[in-house]
Amino acid sequence: MARIPFADRSGLSPQTLKTLEALPDIGIFRLLSQADGSFAPFAAFTASLWNDAELSPRRRELVILLVARLAGCEYEWFQHEPVARMCDITDGEIAALRELDLATFGDEERAMLELARTTFDRGRPSDAELAAARQALSDREVIELQLVVAVYAGLAAIMNGLDLELDERSGAEQLGHDERGPRLGD
Numbered sequence: 000m001a002r003i004p005f006a007d008r009s010g011l012s013p014q015t016l017k018t019l020e021a022l023p024d025i026g027i028f029r030l031l032s033q034a035d036g037s038f039a040p041f042a043a044f045t046a047s048l049w050n051d052a053e054l055s056p057r058r059r060e061l062v063i064l065l066v067a068r069l070a071g072c073e074y075e076w077f078q079h080e081p082v083a084r085m086c087d088i089t090d091g092e093i094a095a096l097r098e099l100d101l102a103t104f105g106d107e108e109r110a111m112l113e114l115a116r117t118t119f120d121r122g123r124p125s126d127a128e129l130a131a132a133r134q135a136l137s138d139r140e141v142i143e144l145q146l147v148v149a150v151y152a153g154l155a156a157i158m159n160g161l162d163l164e165l166d167e168r169s170g171a172e173q174l175g176h177d178e179r180g181p182r183l184g185d
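So that you can map any letter, position 2 of the sequence shown is 1 in numbering that gives the first Met the number 0, and since no number is skipped, the others follow by simple counting.
No false leads were slipped in.
Label pairs and their calculated CB-CB ranges:
1. 16 with 123: 38 to 44 angstroms
2. 137 with 12: 35 to 41 angstroms
3. 125 with 182: 31 to 37 angstroms
4. 51 with 173: 15 to 21 angstroms
5. 156 with 10: 21 to 27 angstroms
6. 94 with 53: 23 to 29 angstroms
7. 90 with 166: 17 to 23 angstroms
8. 166 with 43: 18 to 24 angstroms
9. 103 with 176: 22 to 28 angstroms
10. 105 with 5: 39 to 45 angstroms
11. 37 with 185: 16 to 22 angstroms
12. 123 with 10: 37 to 43 angstroms
13. 10 with 100: 45 to 51 angstroms
14. 98 with 138: 26 to 32 angstroms
Calculated from the structure, these hints are not laboratory results. Where a beta carbon is used, it is the ideal one built from N, C-alpha and C, also for glycine.
Please take these sequences and the hints and turn them into a complete structure.
What follows is the structure, given as structure tokens:
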């Protein structure tokens, strides 16, 4: 059990309950709902990185898996590995991320992943790292990538810091879908 219990639904606001109903029924959302006033806006912001971003679902999930690996967060990895497969990320690419072998990826995705790794590790990429990523991504995508790193690094800190146990199943099958791929909160 996590070091802080999941929220008691009977004490949650209608907005938080509505948000929980729209999301997969997994431990991280039940834990985060303890922050009753912040949970719905945070979930909406996170969903915007899935549903409204220019950054493709494939690239988002590559970044999330990299962050999970860098943070040593098995919960995040467990939840996102099936989502990554839904986004056409191969078993070989997943294994490469697990080993931090970014050479497996083409130039554009490698530049993107190097920017994500640098953002996670040091916070500030070199001019060369940023320039390489900007060759592969629009400026909007660069900002979205950095937001994904920030959100999922923060979530990993919560998951690891509060000893969130793995769920019995991934919430991936509970996600909505559209032509771009999995959607969050629909």
